[in-house]
Amino acid sequence: MKLNSLTLKATIDKLKAKEISHADLYKDVHDAIAEKNGLLNIYLSLDPTAVTKAEALLDTPLAGAPIAVKDNFLTVGLETTASANVLKGFKPPAESHVTTKLKAAGGVIVGKTNMDAWAHGSSTETSDFGPTKNPRNPEYLPGGSSGGSAAAIAADLAVGALGTETAGSIRQPASWCGVVGLKPTYGRVSRSGVIAMASSTDSPGPIGKTVEDCAILLTHIAGKDPYDATTLPKPVPDYTAHMRDGVKGMRIGICYMDHPQLKGTDVDRAVTKAGKVFEALGATVEVVPLSKTLEKGKILTPDYAIGVYTVVQRSEVSSNLARFDGIRYGNDRSFFAHEALNRIMLGTFTLSKGYADKYYVRAQQVRTLYRQNFAELFGTYDILLASPSPGYALAAGASSGDPLFGELQDMLVEPSSLVGNTGISVPCFTDPKTNLPLGLNIMGDQWQEEKILKAAYAFEQATDWNPWAK
Amino acid sequence: MKGIAFSSSDVQKIAKLANIPVTDTLADDLAAGFTKTMAVVDELTKVNVEGVEATNQVTGLENVLREDEIDTQRIFTQEQALANAKRTHNGYFVVDQILED
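Sequences listed follow chains A and B, in order. Residues in the first sequence are numbered from 1 upward in steps of one, following our numbering. Residues in the second sequence are numbered from 471 upward in steps of one, following our numbering.
The set of hints was computed from the structure by calculation and includes no laboratory data. A virtual CB, placed ideally from N, CA and C, is assigned to each residue, including glycine. Hints should not be assumed to be uniformly reliable.
[Claimed, not checked] Below 30 Å or equal to it, Euclidean Cα-Cα: the simulated DSSO-like pairs (lysine-lysine) are: (1) LYS353(A) x LYS486(B); (2) LYS16(A) x LYS91(A); (3) LYS88(A) x LYS27(A); (4) LYS506(B) x LYS353(A); (5) LYS296(A) x LYS556(B); (6) LYS273(A) x LYS9(A); (7) LYS298(A) x LYS516(B); (8) LYS556(B) x LYS88(A); (9) LYS433(A) x LYS451(A); (10) LYS224(A) x LYS234(A); (11) LYS88(A) x LYS516(B); (12) LYS353(A) x LYS516(B); (13) LYS224(A) x LYS273(A); (14) LYS263(A) x LYS296(A); (15) LYS224(A) x LYS9(A); (16) LYS88(A) x LYS483(B); (17) LYS506(B) x LYS292(A); (18) LYS16(A) x LYS53(A); (19) LYS486(B) x LYS358(A).
[Claimed, not checked] Quick look at which bits of chain A chain B covers, simulated, 3 or more residues with Cβ under 8 Å: (20) 223 to 236; (21) 307 to 313; (22) 326 to 332; (23) 336 to 349; (24) 360 to 373.
[Stated by the list, open to error] Just a few of them, taken from the derived set where beta-carbon distance is under 7 Å, the chain B residues facing chain A: (25) VAL517; (26) VAL522; (27) VAL528; (28) VAL534; (29) ASN554.
The following block holds chain A by itself, in its conformation from the complex (with noise of 0.2 Å):
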C-alpha cells in the first residue's frame, strides 16, 4: 500500500506508532506528484524540505502530515499567487494565521495548490497558470475555486488540504471530485493572511479524505484571532469528540429537491436516499417545501441568491482588490486577467453613486431575508439536507463564456453562505459510467459544526460511498 494514499488520522496515528517513517511517506507522496502532476495540474509550487521539516514534528498532534495549501494563504518562503499573474513572483513577508496555526499543530504544507484566479470560479479553469483536471476524470472539471486542494485528496498527493469558500468554493469542488469539505461558520476560522475576495463570507475551512480528517484539521486551525475582528472568543472543541454520537431524534429537513432544476434529477434521488439513510439511523427526516416569498416552515427559493451573491461578491471583490497596483508587489492593474476584470468592474458598477441603493443595499436587504429564513428553519431543524451543485463534475471547457457560470453551479450553496453558516459535503453516490460523484450538503446553523460532523460520520459510516471511510 502506498503511504500517501493513508487517511489523515491513519498517517498521525502510524507515524506515532512508528509503523511508517516520515521519509517513506514523503518519498510516496513525491512519487505521486511527480506521476500526476503533470497531467492534472494540481500543485503550483512545492516544499522540497518538506520531510526535513515533517521529521521533527513527531510529538505533534498532526505529528508531520503532509497537507496541500491553496495558493490563497500567505506562506513564507513558498512563492503564493492566488493562481494570477498579477501575484507572479510574490514571496510573502507574513504567514497566514491559519498556516501559523497548521505548522503549530504538526502539519507540513507540501505544496501550494491551483485555484480559480483569485477564487473567482466554480472551475479551476480560471487560473492564469492552466486549469486543473478532475482526478476522478481528467476529461472533466474538479470543480473550484478550490479545485486544486480538491483534486490533491482525490488523486493522494497529500492526506489533508486547506481551501477557503465564499459560495461553495470547498463544498462544490469537495462533491465534484469526491472528497470531504467543511465549510466553517463565518467568523469560526481567521481570514486574516489570506488574499481577499469577498470578506463578509471568507471562510477558510478543511478538505479530507473523511469526514474524522475534516473534524481533526478543524480543530486545529479554529479560533479567535486579533488579526481577523470578525473571528469570536468561542472556545474550540475538540470536532472529533462527538462526531460518533449519531443521529438519533435529529430533527432533519430535505432542502432544494423540488426545485425545477433538480427534480428528477440523480442529484435529487441521491439526496432523497441519504434522507432515508438518516431515517433507517433513527433522525426525523420531512421534505422543506421550496417557497417563492418568505414563508413558515418552507425554504426560501435559491433563485433570488444568486443576484444577491453576483451583487455581494463583485462590490466586495472591487474593493479589496483596489489594493493591487504593483506598487508595493507584484504586478500593475493591466494583469488582471477576463474573469478579475469583470469582477472587479461589475463591483465598481454596483457600488458607484446613484446605483449602491438600487443594487447593493437592496442585495442588503434580501441577504436579510435568507437570514430570517434559516432562523426559523434552525428553530424546527437541528440539519437542512441538500446538494453543493445541482449535478455532476461538467466537462472541461464548461466554464468558458459564461458570466455568471460559477453563481449558476453554486447557487444551492449561495443562500448559506450568505448568513455565514455552516455545511459539510460528503460523498453519496457515483456514477458508474463516468466515475463521477456527487456530493451531500449537510447544512447547519452557525456554530453547529459539531452537529453536522455528526451527521457527516453517520451517513459515511452507514454507506459505502467513501472508499478512504472503511
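Please arrange chain B on chain A, whose structure you already have, making use of the hints.
Just chain B, lined up with the frame of chain A:
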C-alpha cells in the same frame, strides 16, 4: 432581456473608475457580459423588501475594538516591506506621478 444594456463607452467609464486599462474589443465583450449579469440581478426587484433592514454583518458582532498600541509583532522591516516591490529608490517605493505641473 430586462435590466441595463451596457455600451462599450459605459464599460470604459467604469474601467477608468476601477483604474484598469481596457481595449475597445475587450470593452465590447465585457459590456455583453455585464448586460447579461445585471438582467439576473434585476430579478431582485421582484422581491418585496419593504421595511427590511440590510444585512452587513452576519454573526452579530458590533464595534470590535483594540487598544491603540503599536504591535511590534507585525511590523515589517524596511527590507521586508520593499522586498516584493518592482521599483524602489533609496529605500522608498517608486510611484507614478499623479499631479500635473
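Each hint, compared with the structure:
no., hint, result
1, LYS353(A) x LYS486(B), "holds, 15 Å"
2, LYS16(A) x LYS91(A), "violated, 33 Å"
3, LYS88(A) x LYS27(A), "holds, 28 Å"
4, LYS506(B) x LYS353(A), "holds, 21 Å"
5, LYS296(A) x LYS556(B), "violated, 57 Å"
6, LYS273(A) x LYS9(A), "holds, 28 Å"
7, LYS298(A) x LYS516(B), "holds, 19 Å"
8, LYS556(B) x LYS88(A), "holds, 12 Å"
9, LYS433(A) x LYS451(A), "violated, 34 Å"
10, LYS224(A) x LYS234(A), "holds, 7 Å"
11, LYS88(A) x LYS516(B), "violated, 43 Å"
12, LYS353(A) x LYS516(B), "holds, 23 Å"
13, LYS224(A) x LYS273(A), "violated, 38 Å"
14, LYS263(A) x LYS296(A), "holds, 22 Å"
15, LYS224(A) x LYS9(A), "holds, 25 Å"
16, LYS88(A) x LYS483(B), "holds, 28 Å"
17, LYS506(B) x LYS292(A), "holds, 22 Å"
18, LYS16(A) x LYS53(A), "holds, 16 Å"
19, LYS486(B) x LYS358(A), "holds, 22 Å"
20, 223 to 236, "holds (count 5)"
21, 307 to 313, "holds (count 4)"
22, 326 to 332, "holds (count 6)"
23, 336 to 349, "holds (count 9)"
24, 360 to 373, "holds (count 10)"
25, VAL517, "holds, 5 Å"
26, VAL522, "holds, 5 Å"
27, VAL528, "holds, 4 Å"
28, VAL534, "holds, 4 Å"
29, ASN554, "holds, 3 Å"
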